[in-house]
Structures are given as C-alpha cells and as structure tokens.
Amino acid sequence: MDRPIRVLVAKPGLDGHDRGAKVIARALRDAGMEVIYTGLRLTPDQIVQAAVQEDVDVVALSILSGAHGHLLPKVVDKLKEEGIYDEVLVLGGGVIPEDDIPELKKAGVAEIFTPGTPTGVTIDFIKNNLKRSL
Amino acid sequence: MAGKEKMEQLKNAQQEWTQKTDEAVKKRPERKETFVTGSNQEVQRLYTPVDLENMEYEEALGFPGEYPYTRGVQPTMYRGRFWTMRQYAGFATAEESNKRYKYLLDQGQTGLSVAFDLPTQIGYDSDHALSEGEVGKVGVAIDSLKDMEILFDGIPLDQVSTSMTINAPASVLLAMYIAVAEKQGVASDQLRGTIQNDILKEYIARGTYIFPVEPSMRLITNIFEYCSDEVPNWNTISISGYHIREAGSSAVQEVAFTLADGIAYVEAAIEAGLEVDKFAPRLSFFFNSHNDLLEEVAKFRAARRIWAKIMKEKFGAKNPKSMQLKFHTQTGGSTLTAQQPDNNIVRVAIQTLAAVLGGTQSLHTNSKDEAMALPTEDSVRIALRTQQIVAHESGVAETVDPLAGSYYVESLTNDIEEKAMEYIDRIVGMGGAPNAIEKGYIQKEIMDSAYEYQKQIESNDRIVVGVNKFQTEEQPPQGLLRVDPSVGELQKEKIAELKKERDNDQVVQKLAELKKAAETDQNLMPFILDAVKAYATLGEICGSLREVFGEYQQSVVL
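If you read the protein sequences in the order shown, they are chains A and B. What the first sequence shows, in my numbering, is residues 9 to 142, in sequence order. What the second sequence shows, in my numbering, is residues 51 to 608, in sequence order.
Among the hints, a few may not be true.
No farther apart than 25 Å at their CA atoms in a straight line, the calculated lysine to any residue pairs in the SDA-like style are these [stated by the list, open to error]:
| # | chain 1 | residue 1 | chain 2 | residue 2 |
| --- | --- | --- | --- | --- |
| 1 | B | K505 | A | P110 |
| 2 | B | K519 | A | A35 |
| 3 | B | K542 | B | L102 |
| 4 | B | K494 | A | T46 |
| 5 | B | K505 | A | G77 |
| 6 | A | K113 | B | K519 |
| 7 | B | K519 | A | I131 |
| 8 | B | K542 | A | G77 |
| 9 | B | K82 | B | L96 |
| 10 | B | K494 | A | G47 |
| 11 | B | K359 | B | Y117 |
| 12 | B | K519 | A | L50 |
| 13 | B | K542 | A | G128 |
| 14 | A | K86 | B | D465 |
| 15 | B | K494 | A | D53 |
| 16 | A | K113 | B | L102 |
| 17 | A | K88 | A | G124 |
| 18 | A | K82 | B | L102 |
| 19 | B | K519 | A | K82 |
| 20 | B | K519 | A | G47 |
| 21 | B | K583 | B | E317 |
| 22 | A | K135 | B | N485 |
| 23 | B | K494 | A | L48 |
| 24 | B | K542 | A | L50 |
| 25 | B | K544 | A | K135 |
| 26 | A | K114 | B | G529 |
| 27 | B | K233 | B | Y473 |
| 28 | A | K135 | B | K359 |
| 29 | B | K489 | A | L50 |
| 30 | B | K519 | B | E83 |
| 31 | A | K88 | B | P282 |
| 32 | B | K519 | A | P12 |
| 33 | B | K505 | B | Y473 |
| 34 | B | K82 | A | K88 |
| 35 | A | K82 | B | H178 |
| 36 | B | K469 | B | L102 |
| 37 | A | K88 | B | Y501 |
Calculated from the structure, these hints are not laboratory results.
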C-alpha cells in the first residue's frame, strides 16, 4: 500500500443525525484512512463535486431520514455522469429497512450498513472492495 | 456530638469491612476491575451514610414542591395526577396524522405531540427542490394554515395540550396553531402546550437550524414576550438535552449543556428587556432517559436542583415557578437495537421507570421498531401500555420521590451536580453556550463521549444484549410502517391549489410587512400571525426572513 485510502463521509438530505457519520469517520481515520467529513444537508450534486475535488476512493453516505430510496441512487447517477463511478466505492449507512437494501444495491450502492454494525466490519469491507488500486 | 461520634464509629467499621472484603476479592475477583455507570462515572462497591456525611437534608433535598425542588416540583407529584402520557407522532399528510392522533386519544393518551417532516422543520415547502424525497417521512408535512386546519380537525384545542417539535420556524407553527384555535372559537389564553423552540441544541446536535444565532435568539425572545401576554399557558420553549444525549453525550454532559443553553436564553430575554419572573415560569425542559436506571434518576434530580439554584442565585428570580425545572422525557432512541427488536420493550420499560422515579411531567415512550422505521400502530400501543403499567401497577407513583435517601442515588445526584457545574462554569467562562458552540467545544465533547462508547461496545467492555452478546440468527422484521411515496406529489398539488385560491395580493403585502418589521427590532409574532392567516406558506414566510437574516453556517467538528 503506497498511499492511504481516501474516504468522503457525507450526509445527503435534510436530517441532522450525524452521530453515526462522525463515529464512522473517526473509526476510519483511526484505521489509517484519510477522511473528509462534509457536514449536514448536502445535495447529491454537492456530494459528487466534493468526491471529484477530493479524489476519493470511497463515498460513505449516512442517512436516517427515510429518504434513502430517493437520494442514494441519485448520488450513484451523478457519479456516473461525472465518469468516476467505476473508481469510487459507494456505501450507505443509517436507519434503512432490510427490505430496501436489494433495491439500493441494484441501483449501485455496494453495501448498506445498518444500526449495530461494528466499525471493523465497514473497515474490512472497504479494504476488500476498493475499485481502484492504491 | 453524638452524631459525630457515631459517624466515626461507622467509618471505622466500614474500613474494617472494606479490608476484609478486599482480601476476599483477591481470592474471588469481582466481575470487573472497575465498574462504571451507563455514562462512564465510576461506581463504588458500596455506598453508606459516610458518602453523605456533609449533606444537609433541608438544604440539599428539601420537600417536594419547595426549593431546591430536588424531590419534585409539586408537593404531591403523581398522587395528584399521573404525568402526561404523550406519544410523539406524525407522518405523511395532515389527514393521516390526524387519524393517528384520534387513535392515540382513544387509547387513553392525554396530550398530543406533533412530529413535523424535515422540510417543515427547516422552513421549506413541499415543492422546494431540497424537499424531494423527504416530504412526510419523519413527520407530517405542513405547508400552510390549510394543512394545520386538517391536522387538528375534530380535536378541540381547549381540551388537549399539544407539544410541537419545531425549532427554527417555531413562531410560524405557533401562529398557525393560534389561528386554528381562533377558527374553532378557542381564545389564545385557553391554549395549553409547548413548542420546542430551542435553537442552540439544533446547532449542537439536531441540525434543523435556519438562521444565524442572533436573529434566532431574537425570534425566541419575541415568542417569550408575545406569549406572556397573549398565550399565557403556553410553554414557550423546551430546552432540550434529549438530542444532545442521542448524539452520544454522557448524562453529566446532557445536564450541563442543556442548562448552559437555558442560561443563554434567560440572558437573551433579560437583555431584550423582559422581566425574569414574567417569562421564566413558562420555560420547560426535555430530557432523555437511558438504561442506567439509578444514574438517570439521579440526573433528573440533579438537574432540578442546579436549575433552581441558577435561577435564584444567578438571575435573582423571586417567583418559585421560575425556579422549578419542569420537564418532558423521551426514552432513549439510540438505546434501541435493530437486533431482536422485541427486547426494546424491556429497555423502554426500564427507561420509563427512570423517568417516573425522576419526577417527569410528561413522557414519550419509544416503540420497539424505531431502530428500523417509524413505529406501527401496534408497537405504539405497546409503548403507551408500558407507561400505563408503570402508572397503575408498579406502585412507584404512590409516594413522592421514592429513591430519595438511597446512599447511592444521593451520591450520584451530588456527583452529577458537581461535574455538571464544572462544565457550566467552563462554558460561562467561554462567554456562554453560543460562543462555546461557535468554537465547536460542546460538539467535540459530545463526539468524544460518543466515540468512546462505540469503542467500549466493540471491545466488549460494554454489553448490548443482542448486539455484541447473545446474538441470534434473525429474519428481517415484517410489517414495518412505510410512508406512501406519493405524499410529496400530493402536497405539491395542495400548494398549487392554495396559490390559486388565496388572495395573492394580500399575501405579498403581509410578507412585505413582515420583512420590513424584521429589519427593525419590533416583535415579529403579530406580523407572522397576519401572514399565516393570509395563507402565506411556511416556505414563503421563512424565505422572507432568510432574505433579511441570512442562514447559519455550520462549524463542522469531527
């Protein structure tokens, strides 16, 4: 490994529950990754712009408002428009019912982490599923 | 001197016992080297009168309904009447939520608590671009007075008390409530209820802010002033530790940061020229209730004592009501697990006990499925029944403050007071809560606790049943509540229709008057009420104020 993994942790939509986003951001940082946390209320457009600017390997989206079905696929679509979806691993986390997960994966989100997931599971998943080499 | 002699005897006896026990522990160790509470305060093996040696009963505890209110704000507490059982509810459209409210009232609930969707909480109409996907999701969508009329249709507003979880646009929703009451023929001085109206914790933890600090504080003091004359039975703010705790704070931090926010509101109101005893009796508080039963009970008792002292000593309040910390409690959402969700019923029962033993004025109990989705009607009923069982069957409501005098509970109460005061003094030293928030200090302290907690779970130092111990293979839960995705479209149509029907010239005029007033230091409530009655939308009203006030820029702290 010649450089650290770069991760954008972002909160799409309007909900202000950022405990999960911040905890995962710190855990990824402690695991040696470079983490950029965007703060609240970002549109899919703003998230993808940040991903481009920061040249990240991973976009980790935290959402607890119930708008995941609408917003997560939008981020994937915008990444595709920018032509970087093939390089960026897209993850989701938050209060997301099991039944919604297959649909989100079909839309291009690689994995969804629901409440109670140990941070180690997310860290391992990222290490094993990066789309571009380091 | 007999007392002092006896205390010396006791200390000697305790020392002997401790030595003996330590010897035994060497051979047969305790479960852990150190024991801590739910929020990491160290717990001793045993508490005795030695721990309370310097405590004077009347000074530290007093009698219920009397200063410093440690034992409760009323003399008879639940022997007079039970706490208000108030389930936070609201989703989709005003029509759907109105049905849920009527159901809850039929089931014996005694007050309403309105959950608004995120666009409403942030002052956007349902047809705003940022509202897409969010309309009706975490609460009911309210775009104009029209929706509010539907929300309370058939619910006589002089008969219920209504709590509204609304902050940045609190003045607008309160104005809508007053307008609906007027249409029902209910005068505003008959209205009982609460608006959350606590912007500081939005900056700290909850995130539904709109305007910068200064105009936000002005809107809040405008409400204090308006209500003290026009809506005298309304709780004008619910200063909230709930979300601070959900964001991961400890119990001590919850008390400290909430009361530091409270100090900031009182200072702002006094600065705006209000008399402390005129507005302070209508201040109310909102706390969380987590699983560590005795720590939580101590937390509520400590909060009451600290606030009474602050109001009396720092602000010179004379009216006893200004010194009484009255609070709503909600059980801890973040303690619920998506794993084995039925276990959550038990957690909620423990948290209910804590709130009641701590002397809460009203309570929302969470439903077992809330780690996954909004609750179904069935799970809300179990949550409400949990309160009813504690009220009618457990016996804890039959006497006032039953845990007082427990060596452990009183020691914890003293500890929490002491540690919370250290934080409060530090924050006051930084120039008060708004400055401490601006610097990111409060957010960082909370985040440190949250991360520490997560690490304890991952190292199994802290056990959460079903999550890191006693796991089982599970099927995904069935029958979760789903909000109809067409709600967004429906609300958009309603807005379009409204804009055709209403007198648009009048709307334009009322909004212009509001903007003009916002640029002066007039009280904005009458202007907002006029705009609401002209059927200006929430988004239009907040948009007009955004033009004058600008928007808050979050300081991102990791």
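Hint check results:
Pair hint K505/B plus P110/A does not hold up; C-alpha atoms about 30 Å apart against a cutoff of 25 Å. About 21 Å separates the Cα atoms of K519/B and A35/A, which keeps this hinted pair within 25 Å; it holds. The suggested pairing of K542/B with L102/B is violated, with an alpha-carbon distance near 62 Å, which exceeds 25 Å. Under the criterion of a C-alpha separation no larger than 25 Å, the hint pairing K494/B with T46/A is consistent with the structure, at around 16 Å.
Note on K505/B and G77/A: the hinted pairing is violated, with a Cα-Cα distance of about 30 Å set against a maximum of 25 Å. Straight-line distance between C-alpha atoms of K113/A and K519/B comes to about 29 Å, which puts the hinted pair past the 25 Å bound. Among the hinted pairs, K519/B with I131/A is consistent with the structure: their alpha-carbon atoms are about 21 Å apart, no more than 25 Å. This hinted pair checks out: K542/B and G77/A have alpha carbons roughly 19 Å apart, not beyond 25 Å.
With a C-alpha separation of about 15 Å, the suggested pair K82/B and L96/B falls inside the 25 Å cut-off, and the hint holds. Between K494/B and G47/A the CA atoms are separated by roughly 14 Å; this keeps the pair inside 25 Å, and the hint holds. Between K359/B and Y117/B the alpha-carbon distance is near 9 Å, which keeps this suggested pair within the 25 Å criterion. Restraint check for K519/B and L50/A: not satisfied, since their Cα atoms lie roughly 36 Å apart, outside the 25 Å limit.
This hinted pair does not check out: K542/B and G128/A have alpha carbons roughly 43 Å apart, beyond 25 Å. Distance check on the hinted pair: K86/A and D465/B sit about 52 Å apart at the alpha-carbon level, beyond 25 Å; violated. Simply put, K494/B and D53/A have alpha-carbon atoms about 28 Å apart, too far for the 25 Å limit, and the pair is violated. Proposed proximity of K113/A and L102/B is contradicted: the alpha carbons are some 59 Å apart, above 25 Å.
With a C-alpha separation of about 31 Å, the suggested pairing of K88/A with G124/A is violated against the 25 Å cut-off. Distance hint between K82/A and L102/B is unfulfilled; the C-alpha atoms sit about 60 Å from each other, more than 25 Å. Restraint check: the Cα-Cα separation between K519/B and K82/A comes to about 37 Å, which exceeds 25 Å; the hinted pair is violated. Proximity of K519/B to G47/A is assessed by CA-CA distance (about 33 Å); at most 25 Å being required, the pair is judged violated.
Simply put, K583/B and E317/B have alpha-carbon atoms about 32 Å apart, too far for the 25 Å limit, and the pair is violated. Restraint check for K135/A and N485/B: the C-alpha separation of about 40 Å exceeds 25 Å, so the hint is violated. Of the supplied pair hints, the one linking K494/B and L48/A holds, its CA atoms being roughly 16 Å apart against a limit of 25 Å. A C-alpha spacing of about 22 Å is found between K542/B and L50/A, which places the hinted pair at or below 25 Å, so the restraint holds.
With a C-alpha separation of about 48 Å, the suggested pair K544/B and K135/A falls outside the 25 Å cut-off, and the hint is violated. With a CA separation close to 23 Å, the supplied pair K114/A and G529/B stays within the 25 Å bound. A threshold of 25 Å between alpha carbons decides the hint, and for K233/B with Y473/B the separation of about 47 Å lies outside it, so the pair is violated. Only pairs whose Cα atoms come within 25 Å are accepted, and K135/A paired with K359/B is rejected, the gap being roughly 54 Å.
Between the alpha carbons of K489/B and L50/A the distance comes to roughly 22 Å, so the proposed pair stays at or under 25 Å and holds. For the hint linking K519/B to E83/B, the alpha-carbon distance of about 20 Å falls within 25 Å, and the restraint holds. The suggested pairing of K88/A with P282/B is violated, with an alpha-carbon distance near 57 Å, which exceeds 25 Å. A C-alpha spacing of about 33 Å is found between K519/B and P12/A, which places the hinted pair above 25 Å, so the restraint is violated.
For the proposed pair K505/B and Y473/B, the alpha carbon gap of about 24 Å is at most 25 Å, so the pair holds. Between the alpha carbons of K82/B and K88/A the distance comes to roughly 52 Å, so the proposed pair goes past 25 Å and is violated. For the hint linking K82/A to H178/B, the alpha-carbon distance of about 17 Å falls within 25 Å, and the restraint holds. For a cut-off of 25 Å, the pair hint linking K469/B to L102/B stands: about 17 Å separates their Cα positions.
For a cut-off of 25 Å, the pair hint linking K88/A to Y501/B is broken: about 34 Å separates their Cα positions.
Comparing the model with each earlier hint shows violations of hints 1, 3, 5, 6, 12, 13, 14, 15, 16, 17, 18, 19, 20, 21, 22, 25, 27, 28, 31, 32, 34 and 37; every other hint is respected.
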